[in-house]
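Asker: Residues per chain are reported as follows:
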Amino acid sequence: MALVEIRDVYKSFQRDTQRIDVFTGLTLDMEAGSFTALMGPSGSGKSTLLNLVAGLDKPTSGVVRVGGVEVSAMSPGQLAGWRASNIGFVFQSFNLLPVLTAYQNVELPLLLTNLSGRDRDERVKIALDVVGLSDRADHYPRQLSGGQEQRTAIARAIVADPTLILLDEPTGQLDAKSSQEVLTLLQRLNNEFNKTIIIVTHDAHAAERAKSTLHLEKGDLIEKRHMASAR
Amino acid sequence: MKYLHLVIANLRRHTLRTILTIASVALALFLFASLRTVLTTLHTNSQFGGARRLVSTNATGIVFVLPVSYANRIKSLRGVQSVSWANWFGGKYGENSRDFFAQFAVDPESYLGMYPEIELPPDQKEAFIRERTSAIIGKRLVDRYGWKLGQDVTIKGTIFPGDWTFTIRGIYTPTNPAIGDDVLLFHHAYLDERIGRPGIAGWFIVEIEDENNAGAIAKGIDDQFRNSSAATKTGTEQAFQASFATMLGNVSFLMGIIGTAVVFAILLVTANAMMMSARERTAEVAVMKTIGFSNRTLFGLVLAEAGFIALVGSALGLGFAKLLYPVVNFNGFGFLPGFNVTTMTMAWGALLAILLMLASGLVPAVRAARLPIVQALRRVE
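In order, the protein sequence lines correspond to chains Z and E.
Here the numbering used here is used: the first residue of the first sequence is 1, the next is one more, and so on.
Here the numbering used here is used: the first residue of the second sequence is 1001, the next is one more, and so on.
Treat the hints with care, since some could be wrong.
To be verified - Pair by pair, the computed Cβ-Cβ distance ranges are: (1) ALA1023(E) <-> ARG188(Z): 48 to 56 Å; (2) LEU1362(E) <-> HIS205(Z): 44 to 52 Å; (3) ARG1012(E) <-> GLY132(Z): 43 to 51 Å; (4) SER75(Z) <-> GLU1280(E): 27 to 35 Å; (5) ASN1329(E) <-> GLY77(Z): 32 to 40 Å; (6) ILE1008(E) <-> SER42(Z): 21 to 29 Å.
Calculated from the structure, these hints are not laboratory results.
Note that the coordinates shown come from a computational prediction; the quantities given were computed from them, not determined experimentally.
Cβ coordinates follow ideal geometry from the N, Cα and C atoms, glycine included.
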C-alpha cells in the first residue's frame, strides 16, 4: 500500500466571481521511503497538492490518504494532532520564530507531545546534530545564515520523527552552496533514515537529487520520472 | 507550563512596547483605584455621625451664624442631654496653599464630652479646657510641622482677621478616620473675646438621650426658633455630614465621569497595543498551526499573553495605590480623612483587569484560532 494515496481529487478556488479549478480528478500514489520532487510552472498546483497531503487544505472532492488515514475527512482539531506527529513541513522562507533560539524552534513540535523535558532535550540535540547545527543551538534566527536557518527548519521538521517530510521550495532563498548542503541533508534523511520526502521545487538541480519527479501542469500529472542516479 | 517560555519570548519580542503596555495598564488601574477611593471616602465620611447627636445650623445656610444664646434654650428641651457649639475659623498657617488644614473654635468641655471619638490623654484634656488661648491638634499636624506640646503657633485669620496665637496643649488621636487627624480645635470663648463678643456660633451639636426621639427633638428645636431672626435647621449629624457630601456631589460626579473616561481611554490604547502585537504575528500563528498547534492551544497562548500584561499591570497599579497613600499619609489636604483603598476597590480593579484581558486578548486569540492556514501561509510565502 502506498504511503500517500490521492484518489480522484478535485480542488477549486473561488477568486472573486471566478472559479479556478486546480485539480480535476487527480489520482496518484507515493510509496513509503520515496523522495519525490514535484515540479511544474507556477499555478500548476504543486503547493496545493502539498497542502492537501499535509492536511492544511481540503479537497473539493476526492480522497487524500496518508499512511492509511483519510486526511481529507478529518476535523481541524484532529488534523492538528495528526500533523504534529506525522508531518514535518519546511517552508521556502524558513519561518523560524524569531523570538526563539534554534534549539527552542526545533523543540516546538515536541511541546505538542507528552515527552518529558529530558526526552525533548535529547531529541532536539539529535535533530540539531543530524543537520550539523549542534554548535548553533543557542543562536537566534537573525544570528544564522540562510542555509543554517533552513537546516534548523529541517531539524524542526524531523524532530518529532514524522511519517512524511514536506518541503515547499526549500532552496528558493538559498545560495548555491547552501542549496547543495540542504539537498545533501535531504538525501541523507531519505537514504539513512528512510524518511519519505516530497519536495516542491522549480530548480532542476534540486529535483535531480530526488528519486522520482512528478511534473504537474494545470493540475494534471503529465510526467512521472524515476531518477536512477539519485544517490 | 511547557508553553511558558513561548509566552515570555513573545512578550520580550518588543520589550519596550511590553513595558509601556504594562505601564499603561498600571496607570489606568492606579487612577481607577484612586478615583474610586475618593468616592468611597466621601461616601464613608458622609455616613459618619453619632446616633444620638443632632446638628442645628442656620436655616438659610451653613455660612450664616446663630446666636450662642440658643444653647440654653435648646438644652431646656425635653430629651436633650447636652449642647455644644462650634465655628469654622478658616485661618492660614504659612504661605503655601497646600498648608491648609481645618480649625474650629469649640466649647472645649461640652465638645470633647460629646465626641469620645477624639481621644486625648486626661492631663492634656484638662490643660486644654483650663487655658483659654490653648489648642489641641491631630497627630498629622505634628508630623507635618513638627509642633510640640507647649509650643505657640500663630495662625493668620482670614474670616476673622489678625494673627491668632495658640498654645498647643494636646495632641488627639481620632478613633474614627472621618474625624480627621489634621484639625486644630481651640476655645470658642477666645474667638468670641477677640472679635468683640458678638456671641455667634456656626452650628450647634445636640446630644439627645434617646436616638429614637431624634425626629421629634429636631422638630422641637426648629419650632422654637421658627419665628426668630435666625431660624434653625436641625437634623442628625449623619445628615449634616451627608449635606457636605452632597455639596461635593457634583464634583465627585464630574470626577467620576472624567476619571472613567480617562481610564477607559488608556485601556483602549492598551487593548489596541495588545491586539496590534498579536496581529503582527499572523504568519507565525500559521506556521505554528502547520507544525500541529491546535486552535485551542493558540487561543490559550494569545490569551495568556494578554493575561500576563493585565495581571502584572494591575498588580503594579493596584498595589502601588494600596501602598502609596498610607505611606504618604494622604488625606486630600484635609478634605478626605481616612483615605484608604478598600478591598472592594481592589476587587473591582481586579475585575477590570480581567475585563481588559478579555477585551484585548479575546479578539486576537479568536482570530489566531480561526486563522485559515493556507491563506495566511500564502501571505508569508
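Asker: Does each hint fit the structure? Answer for all of them.
Answerer: We went through each hint and held it up to the structure:
1. Under the hint 48 to 56 Å, the C-beta atoms of ALA1023(E) and ARG188(Z), about 51 Å apart, fit the expected range.
2. Checked against the given bound of 44 to 52 Å, the beta carbons of LEU1362(E) and HIS205(Z), roughly 49 Å apart, stay inside it.
3. The supplied range of 43 to 51 Å is broken by ARG1012(E) and GLY132(Z), whose beta-carbon atoms lie about 28 Å from each other.
4. Against the hinted window of 27 to 35 Å, the Cβ-Cβ separation of SER75(Z) and GLU1280(E) comes to about 29 Å, which satisfies the hint.
5. Checking the proposed 32 to 40 Å range against ASN1329(E) and GLY77(Z) shows it is violated: the Cβ atoms sit about 58 Å from each other.
6. For ILE1008(E) paired with SER42(Z), a C-beta distance near 40 Å fails the hint of 21 to 29 Å.
The earlier numbered hints that this structure contradicts are 3, 5, 6.
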